[in-house]
Amino acid sequence: MSTKNYAAKVFDTVMSIQSMSEPVKIDLKISRKNVLLLCHFIDRGVLLEKDEVSLMGSIAEEELAELKNVSKECLQKAGLVELNQKLLSFIEDVKT
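So in this note's numbering the end of the sequence shown lands on 99, straight run, no missing numbers.
Hints may be right or wrong, so weigh each one.
[Claimed, not checked] Listed below are the simulated DSS-like cross-link pairs for lysine-lysine, each with C-alpha atoms no more than 25 Å apart in a straight line:
no., residue 1, residue 2
1, 98, 71
2, 28, 80
3, 12, 36
[Claimed, not checked] Quick list of simulated restraints, FRET-style, between CB atoms:
no., residue 1, residue 2, range
4, 90, 67, 20 to 30 Å
5, 94, 70, 18 to 28 Å
6, 27, 79, 16 to 26 Å
These aren't lab readings, by the way, just hints derived from the structure by calculation.
We treat Cβ as the ideally placed atom computed from N, Cα and C, and that holds for glycine.
Go ahead and model the full structure; you've got the sequences and the hints to work with.
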């Protein structure tokens, strides 16, 4: 069994523990720079190709949607929605 496949199975096992679905409140104070980075990492991670041997392959669509919502909420609370959109459009312009 490959290391990635083993890690995905362990991750899936941990995620299936009953208490893992319970919501928790987190009081988090981070810089706006780190909010942008965190949201970028979440967005990039969600876009990763899902396959059976990666950790992303074991994450349900509902959980991915929840991560996207966390990302959006962080941007809103930091007042960075418009800046993030402009940065993303700049990145897209550079790609083409």
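Failing hints, ascending? 3
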